[in-house]
Amino acid sequence: MKNHSSINVDSHSKEFETKITNQNTNLDLEEFETKIIKKPKSINDSFTRKGGDFPNVTHYCAGCGHGILHKLIGEAMDDLDIQERSVMISPVGCSVFCYYYFNCGNVQTAHGRAPAVGTGITRAENNAIVMAYQGDGDLASIGLNETIQAANRGEKIAVFFINNTIYGMTGGQMAPTTLIGEVTITSQGGRDPDSTGYPMHMCELLDNLEAPVFIERVSLADVKQVRKAKIAIKKALQVQKEGKGYTFIEVLSPCPTNLRQDAKGAEEFIKNHMEKEFPVKRFRDKSKETKPLVRNESDFSMESLDKIFKVDRKNDVETISKTDFENVNVKIAGFGGQGVLSAGLTLAEAACSEGRHVSWYPSYGPEQRGGTSNCSVVIAGDTIGSPVVNECDVLIALNKPALEKFKEKVKEKGLIIYDSRIGEYKTDKKIKVVSVPAVDIATSCGNPKAMNTAILGVLMEIGKNKNILSKDAYYEGIREIFASKPKLIDLNIEVLEAGAKWMRENSK
Amino acid sequence: MNKYKERPQPFPVIHKNECKACDRCVITCKNNALEMSNELNDSGYNYVIYKGEGCIGCGNCYYTCPEPLAIEVHIPKRRKKDKAENSDNNIVESNINKKEE
Numbered sequence: 001m002k003n004h005s006s007i008n009v010d011s012h013s014k015e016f017e018t019k020i021t022n023q024n025t026n027l028d029l030e031e032f033e034t035k036i037i038k039k040p041k042s043i044n045d046s047f048t049r050k051g052g053d054f055p056n057v058t059h060y061c062a063g064c065g066h067g068i069l070h071k072l073i074g075e076a077m078d079d080l081d082i083q084e085r086s087v088m089i090s091p092v093g094c095s096v097f098c099y100y101y102f103n104c105g106n107v108q109t110a111h112g113r114a115p116a117v118g119t120g121i122t123r124a125e126n127n128a129i130v131m132a133y134q135g136d137g138d139l140a141s142i143g144l145n146e147t148i149q150a151a152n153r154g155e156k157i158a159v160f161f162i163n164n165t166i167y168g169m170t171g172g173q174m175a176p177t178t179l180i181g182e183v184t185i186t187s188q189g190g191r192d193p194d195s196t197g198y199p200m201h202m203c204e205l206l207d208n209l210e211a212p213v214f215i216e217r218v219s220l221a222d223v224k225q226v227r228k229a230k231i232a233i234k235k236a237l238q239v240q241k242e243g244k245g246y247t248f249i250e251v252l253s254p255c256p257t258n259l260r261q262d263a264k265g266a267e268e269f270i271k272n273h274m275e276k277e278f279p280v281k282r283f284r285d286k287s288k289e290t291k292p293l294v295r296n297e298s299d300f301s302m303e304s305l306d307k308i309f310k311v312d313r314k315n316d317v318e319t320i321s322k323t324d325f326e327n328v329n330v331k332i333a334g335f336g337g338q339g340v341l342s343a344g345l346t347l348a349e350a351a352c353s354e355g356r357h358v359s360w361y362p363s364y365g366p367e368q369r370g371g372t373s374n375c376s377v378v379i380a381g382d383t384i385g386s387p388v389v390n391e392c393d394v395l396i397a398l399n400k401p402a403l404e405k406f407k408e409k410v411k412e413k414g415l416i417i418y419d420s421r422i423g424e425y426k427t428d429k430k431i432k433v434v435s436v437p438a439v440d441i442a443t444s445c446g447n448p449k450a451m452n453t454a455i456l457g458v459l460m461e462i463g464k465n466k467n468i469l470s471k472d473a474y475y476e477g478i479r480e481i482f483a484s485k486p487k488l489i490d491l492n493i494e495v496l497e498a499g500a501k502w503m504r505e506n507s508k
Numbered sequence: 001m002n003k004y005k006e007r008p009q010p011f012p013v014i015h016k017n018e019c020k021a022c023d024r025c026v027i028t029c030k031n032n033a034l035e036m037s038n039e040l041n042d043s044g045y046n047y048v049i050y051k052g053e054g055c056i057g058c059g060n061c062y063y064t065c066p067e068p069l070a071i072e073v074h075i076p077k078r079r080k081k082d083k084a085e086n087s088d089n090n091i092v093e094s095n096i097n098k099k100e101e
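Listed in order, the protein sequences are those of chains L and D.
Here the first sequence is numbered in this note's numbering, starting from 1 and rising by one per residue.
Here the second sequence is numbered in this note's numbering, starting from 1 and rising by one per residue.
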């Protein structure tokens, strides 16, 4: 017997080579070279990220399909030479720790959110090959909407959908893919379609969409199927390498632990039950006729962002910290559409131009107009901890409900300015109360919509000796807010001055 | 047959501590060349052993094994005179290509 005898080792070593060499001394071994079928280089040499005493073993159960699929994906990555470009998205499920095994980029996402995260990655990094590895609970249940939307947009993502008919990680509960009559711990009498519906066929579902390039269902039942799966995986990744769009591979995979099967039982279950319900076939291959998908490149340069957000870095205002400056808390409230939020913004921009620390914090209902809305502005001499204003120094109330709601929140020695149409309001507290015919003032300047600016004019006049905000600051605030509508700048400054003038004339 | 015996034979390398005794490779081996040991490895599983002969280097055990680091298949190949250096992946490649056809 010229064959070598012992083949089990703790770690692979040169010992073997020598053993064989010695045993075959009558052969000219120089003539031979050894080819080794072993794990691809896209799978880590050792799973040290896992920790524990056995860093070369996966965390998966005996006979689990994940390890097989990992290997196949890794091989396809090697074959196509795309390891450096690859980003794997780990799901929630048993394969949550994909990053232990794949030697490539990785993002771990929330349950079912791989399509959304994948979309972000592929759009930001056009050259990235994005792979979403998801189970049936993750993809077909919790992330179903996002999966369909991403497929419909034809995102450049290779989805690997592992279907084992149950929620594996949590202990074998019924999943959308559970077969009719299949017993799981949450369908003890077998899945009954009358109460829990039918198994979800994801390939068939996505095959109704226009955008996907490649859709195939494969199986890991036996080694013949495993090798077929490898071909499909490689095809899908080839589509990604060429940047052609969305690919979807459903993998029928064994879960021997939760389904209480041995290797033979798992094979039979996949072949005789799963493959009957979920036919293994190629649903679509448009890879030949599809052209690479080229999307406009996103421009994240500082210049372009500055342009979008209208940031002027040349005339940068330096924020000055003055710890002796007492915070001014302002609440502006009224109907939506009355200019509540923009009055707050004007005030915030004004304070900003003076180098103050400032925050603007809106709060409004779902309605565009007619609902109540309010905003809080904090003007401070130092960093602002919270933009929330509970007690305010200044309340600007543009309607009665707003006045009723916030009047108790005004501090002693505070200020309430309200639209005179609300009617008379008096308080026993030491609070200055001013009723302003704001609409009349604004109308007299030809723009009744600018009633909020008229009230800011009143505020400017009252505060002129308090060294909080200068007149120039108010002007600057208006210029900033109406920068995109230059016609309105002068008009609003006119209303602002008219408000101030009204206050001067009526202050005694 | 004689000629077959005279060349070095392919064989699997099984890292016993990586084996979880799932039995997939034993079932899948065409030549029935693998069996489950009665002994336990360091993690407490039985583990697969090579019977010592029968391996034809098909790689089925490697492909069906759920543990990426548990099995390697070593296949001696006659060195080609002109193309001495070949990468390991070519075998896998050729296997797959055959299937694809």
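If you're looking for bench data, these hints aren't it; they were derived computationally from the structure.
Check before you lean on any hint, since a few could be wrong.
[What the hints assert, rightly or not] Once the Cα atoms are required to be at most 20 Å apart in a straight line, the calculated SDA-like pairs of lysine to any residue come out as:
#1 D:30 with L:268
#2 L:224 with L:264
#3 L:407 with L:446
#4 L:409 with L:429
#5 D:77 with L:412
#6 L:41 with D:15
#7 L:38 with D:57
#8 L:38 with D:76
#9 L:224 with D:23
#10 L:429 with L:412
#11 L:400 with L:415
#12 L:38 with D:10
#13 L:276 with L:207
[What the hints assert, rightly or not] Only some residues are given here: those of chain D computed to face chain L with a beta carbon under 10 Å:
#14 7
#15 19
#16 25
#17 26
#18 42
#19 56
#20 59
#21 64
#22 65
#23 67
#24 72
#25 73
#26 74
#27 76
#28 77
#29 79
Note that the coordinates shown come from a computational prediction; the quantities given were computed from them, not determined experimentally.
Where is the CB? At the ideal position from N, CA and C, for every residue including glycine.
Hinted pair residue 400 of chain L and residue 415 of chain L, Cα distance within 20 Å
holds (16 Å)
Starting from residue 77 of chain D, check that the Cα of residue 412 of chain L is at most 20 Å away, please.
Given pair residue 77 of chain D, residue 412 of chain L is violated - Cα atoms ~94 Å apart, limit 20 Å.
With chain L as the partner, please determine if residue 59 of chain D meets the hint condition of a C-beta pair closer than 10 Å.
holds (4 Å)
Proposed interface contact between residue 77 of chain D and chain L, which counts if any beta carbon pair is under 10 Å
Holds: closest Cβ of chain L sits about 5 Å from residue 77 of chain D, inside 10 Å.
Given residue 72 of chain D as an interface hint, is the shortest Cβ-Cβ distance to chain L below 10 Å?
holds (4 Å)
Would you mind confirming whether the straight-line C-alpha gap from residue 38 of chain L to residue 76 of chain D stays at or under 20 Å?
holds (14 Å)
Classify the hint on residue 7 of chain D as holds or violated, based on whether any CB of chain L lies nearer than 10 Å to its CB.
holds (7 Å)
Given the hinted pair residue 276 of chain L and residue 207 of chain L, is their Cα-Cα distance within 20 Å?
holds (19 Å)
Would you check whether residue 25 of chain D satisfies its interface hint, that is, whether its CB is within less than 10 Å of any CB in chain L?
At about 9 Å, which falls below the 10 Å cut-off, the nearest Cβ of chain L leaves the hint on residue 25 of chain D intact, so it holds.
Are the Cα positions of residue 407 of chain L and residue 446 of chain L separated by 20 Å at most?
Given pair residue 407 of chain L, residue 446 of chain L is violated - Cα atoms ~31 Å apart, limit 20 Å.
Taking the closest Cβ pair, is residue 65 of chain D under 10 Å from chain L?
Hint on residue 65 of chain D: holds, closest Cβ of chain L at ~7 Å, below 10 Å.
Chain L contact restraint for residue 67 of chain D - C-beta distance below 10 Å
holds (5 Å)
Hints 3, 5, 19 from the list above are not met by this structure, while the remaining hints are.
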